[in-house]
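Novice: Chain residues, written in single-letter form:
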Amino acid sequence: MFTSISFLSILPETLILVLGIVVLIVEPFWKNENRRNVGWLTAGGLFATLIISLLIGRPGDPVPALGGMIRFDWLGFFFKMLFVFGAGITALFLMDHEKVGQRGEAYVLLLASTIGMCLMASSADLVMLYLAIETTSIPLYVLAGFMLSDEHSTEAGFKYLLFGAMTSAVMLYGFSLLFGFTGTTNLYVLAAALQSGHLAASVMLGVVFLLIVGLGFKVSIVPFHFWAPDVYQGAPTPISGFLSTASKAAGFAVIARLFLVVFPDFTLSWTTMLAVLSAVTMTVGNLLALPQKNLKRMLAYSSIAHAGYAMIGIVAISKLGITSVVFYMVAYIVTNMAAFGVVAAVGRVVGSDEYDAYRGLSRRSPWLGLIMLAAFLSLAGMPPFGGFVAKIFVFAAGIQANYTWLVVIGILNSIVGVYYYLNVMKYVYLYRMEKEDEEKHPIALTRPYVIALAVLALGVILVGTIFAPWFSWSSAAVVNLF
Amino acid sequence: MNFPVLSIIVFTPIVAALIILLIPAERKTEARGVALAAATFALLLSFWVYLSYDKTAAGYQFVEQYSWLPQLGISLHLGVDGISAPLVLLTGVVMFTGVLISWGDFGEHVSAGIQDRPREFFAFLFILATGVFGVFVSLDLFMLFFFYEIAVFPMYLLIVIWGWIQTREYAAMKLTLYLFIGSVVALVGALAMYWVAGQNTGIYTFDMLQLEKAGFSASFQNLWFLPVFFGFAVLGGIWPFHNWSPDGHVAAPTAVSMFHAGVLMKLGAFAALRVGIMLLPEGAKHWSWIIMLCAGVAVVYGAFIAFVQTDMKYMIGFSSVSHMGLVMLGISTLNHDGLLGAGVQMFSHGVMTALFFAVTGMIYDRSHTRQIPELGGMNKIMPFASIGFIIGGLVSMGMPGFSGFIAEFPIFMGVWKTQWLVAVIASISIILTAAYIMLAIRRVFFGKMPEKFEGHITPITILDKVAIFTLCSFMVVIGVFPSFMVPMVETGVQNALRLLGVQ
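Those protein sequences? They're chains H and R, same order as listed.
Residues 0 to 481 in numbering that gives the first Met the number 0 are what the first sequence lists, from first letter to last.
Residues 0 to 502 in numbering that gives the first Met the number 0 are what the second sequence lists, from first letter to last.
So here's chain R without its partners, still in its complex pose:
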């Protein structure tokens, strides 16, 4: 593969960000146009990568390697496997829909989206996107950290400048500190891996494909697995370090919530899997019960808390904790079914939660409230959004025919094989999820619209509809044709299983 498609995907957003910054501040439409063009370009490329990934060959494909700092064995080494290719596509999708949702004044709708300084907004959002793409395709531990941190800091600005005025300062700082603490803790582990691998093999390198073969001793793995795994898993929203996540979701503007819940949390789970489990497999086996415990608590506890929320964003935020708990639960099984389910769930939850936040944002922009009891009858004015939310809800409940089922069923199978009791307890969350989602749908979209909203709520724009349609189509396609995604994730899972030494 000579065409450097992955590096183009990674650097498209940041180049677009620089171009956007060069546009004069008052020319908002041009800034948005560049943003949309870049997002479309990145989406098409990532879709192309996804479709042309060779499932029979498996392994890392579209590999590029550029020497970066040979003295320390750092290189810009990019490549995707069956687990990361769907996540790259997910990032492309969320980036594209996020731009559509944040467009701002379009036609008669002047209240929605990002009105204030869209130029800076899109620039920071795209810097974030570069970081996210970079983590998913990095095969070099140093570069993975490099991109990981790039994905963290724009979040602070995006939330603090454009966020919900009541909690943004608190939530943004909390989020940044949690994620930074997590990543630096993992960093110490990564540096330890670097030196020990160098002593073992004589080659000092950050290349993860080399580190896989470093032969870390069991005691080393047991010592460093927990810091590395949990350092990353903080971003995956694992209990008891999930606290930043609902606050962050609530305070963030719509597109940032979409990015945050849709993609960033996957970043944590993915990095925990890629660095924690695949580089330190013995440690993973030793400590998998702790992950299973934390993830199991997250699944049930998140669902319970989501159940009692009245704020739509808090509800979705805690449901994300619950669903990401399922991903972690799948990872903790360390068996084929669990990992496969976790891989699909990452994508499925990404599009689903992005859709939830998009629709919530549309409602909030028009009604200026997210309190479920205060809303009602939205179906009349925005039927399209309502259908989208319902599809998202069905995915969330794990209804057959939608992507959620394809993802959650193998997870529960995997957990059952490992520890049936956890599977039983975790399944409580399915009932709870069905309950809170259906309640929310009924109260927000159906019933009588409160009088104060009569005549004030405007329909959603064509851009919003495109975004909803894009997100929904992925959920349905995967649900109806699992072969669209499952065989691909399968190849990535096989690779992880090989490293774990189980087949």
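Chain H extracted, bound-state conformation:
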């Protein structure tokens, strides 16, 4: 039963699991002051996982594996690589985070959550999918509330848990209905059964809605977004970055697979619903980001808005549409990780995430200012950074699918986005510290930050300029889906 395909199909998960066990074993042997080195081990292990998987774990034609529980294909594999990359960067950011980076458990939880995400992206069975989603979420609940002495952090953890538990219960109800209608839990068998089953469209729309509740929570689309600002603000910053990127991308991987495989026949009804949700999500996210004064909250609303943009690609339900979503996730992960990385680096020294803490940042640390500039311009959709190309692809897919009205809403929203992103850059580049002595207050960056931020900044520019390879990989991920 355990063939080589089965083994290869869960190669990244296996390696991460091994890494987690290694971390657990060696962590107690390190002295307290050296314990942050667990971060090096975790990040190194994850990047080794990335390389090994890329070298020997690449999928060929899509095949079901492990008794049909998962599907070994490019979509899953590509997303897995993104998660592993994101987790590795997050481990680097965690290392010098006070109260978190010295605790081995944090890294183990991070790894456990990454395993869950990897399984989310490749699962082809409702049972597996639900297990994967919970494996992803539960460690994240703990991580969000990791700083026990911090009120905001505990609040974040608890809020995330309550919202997560509720929405996943609703989604589970949707799963059970699907099973009830068809008598199977395998997505691909289920799709065939649904097509021959002559179910009323209204019933299916209800099921779709139940699923959207759960998945919408993961990708934080309106109206399931309420948790995001509080959780992002309260959670340790690197974890907020992980939540807003990898966790969101995992949600999109599931949405792409679930909706295109299971409900292709009912496209009209659910795409209209998703289009409306996308428009509302963009608008609400951007408008609420405008008055923010706390950078982490602002990034939370901005990440809600970005979920809305990416949703345009799903709504288009074309090859280009899904490709553009995958590409969007690539650009968004590097960009938003860079943004949260800067927030973590500044927050560690200044001790605040308010806009005012960023006064004179470009004089205190010119390179940090430039990286922040690149990340924020990329979020705003300016070239030569990744966000620009990603947005154009999504919009192009929208126009191709005759959703011009949705694209126009997206474009109006990105104008709002330009305003609040540049507003932050004003603090960084224009405003000065109280005594105008920025040179005396440099922002010291430790080595993990330097490495991670350099990789991300390079990534933001590479995705935005040499975009052909990323696009090819994104479309390779999609090609087997249809």
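Calculated from the structure, these hints are not laboratory results.
C-beta: ideal position from N, C-alpha, C; glycine also.
What follows is a set of in silico ranges between Cβ atoms, one per label pair, in the way DEER data are often shown: (1) P239/R / S195/H: 57 to 63 Å; (2) V14/R / L147/H: 49 to 55 Å; (3) E353/H / V423/R: 57 to 63 Å; (4) P239/R / E433/H: 40 to 46 Å; (5) D53/R / P263/H: 54 to 60 Å; (6) L457/H / A36/R: 22 to 28 Å; (7) L438/R / E438/H: 42 to 48 Å; (8) A443/H / L438/R: 54 to 60 Å; (9) D53/R / R431/H: 49 to 55 Å; (10) R57/H / G201/R: 31 to 37 Å; (11) G43/H / P239/R: 57 to 63 Å; (12) Y187/H / E211/R: 43 to 49 Å.
Using the hints, position chain R against chain H.
Specialist: Showing chain R alone in chain H's frame:
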């Protein structure tokens, strides 16, 4: 042509920007030196391109094409024609003189130019320059947008960090939002063109030379022409979307004003012509009266507003609106004379307004005021700048013997052929321009110098003189030898006319 001269021109500034950023912040002179070297290099290359453009062969030359994203038909496709080659040269000139003007402490003159963080200043300015070069030479619609946006966002930082402290935050945000709105509106039109052209021809491509042949239906063109044209024309300062422009000019530091009025506004007019009119010619014919109306209003209204300004930069800013209105007016005629005049006017206005802003910057750096009534007698201390300003003024009035005449005369001829009434009304602006320019010259440069300035105003530096000389020489050469530029623009105009189907 094997030597990839255009891509070298495009990427020289951005490479220089990266090098400049790597220089330690306190070594300001080195940063300036690299900037000047790169600007000189780009100027020489663009001059070489200009001189070796084969006017008899016409068409797109120095063409380079690199596959970028074949799945969607995006390629890095570069080339210049008779309209864009002068604009590339213009960008080189403004970039070179802009660096000279912003040099900062040179010899005894410690108050002028960019003192604070010149490293970042030149880096952002050069990123902007790459965007500008890129738009002028792009033959691919996607890349055109790519470079267009690169040309927009550094503007925000340049104005907000180094701009005039009183209005910079407001003006920078206003400018950025106007231009961004314009460009994304045009983007929707461009994406629509992409899909419809693909459906018509079966080839999905952003290549503009292919899109020219896509055979868009008349109803499609009529629907999308206005968003595309006006989306770009916002950057060209067309009325009623010109509002960002004077505010932006005033708030920007000298070199950025030069770039902004000298080159960026041409970017808008050029892209509106290249994408709006040349790709959607039927739509252009259908809607040309609207452009003519807006441009005509801009010409006269801009001149009137410039007339009542007391701030030199506001005066020049509104005169730019008026002069860019002439460019748009020339474009809106869709005939040979009008387009030819518009092409020359883009270059002529570029050097002229860059010169105006350069001299204004020199005066402001020394007197700390731009209020015309408060100034006087500058001729005694900076005769060279005064001569430069006067030459610029003569160009602005359209005096024969200077480039302005060569540019404006065909525009008015073209407009007369299309709609004589507009030509009559627009000619009011010539009188007004003469009036406000001569008043400004008299008040600022002649008369008695106010006592508070006596002994405080220092002469301009040799770098400033080189910049003024460079800019003036182009205006005079084109004025005296129109054959330096007109035949070249002619070839580009013929290409546009071919697409419009008129000869």
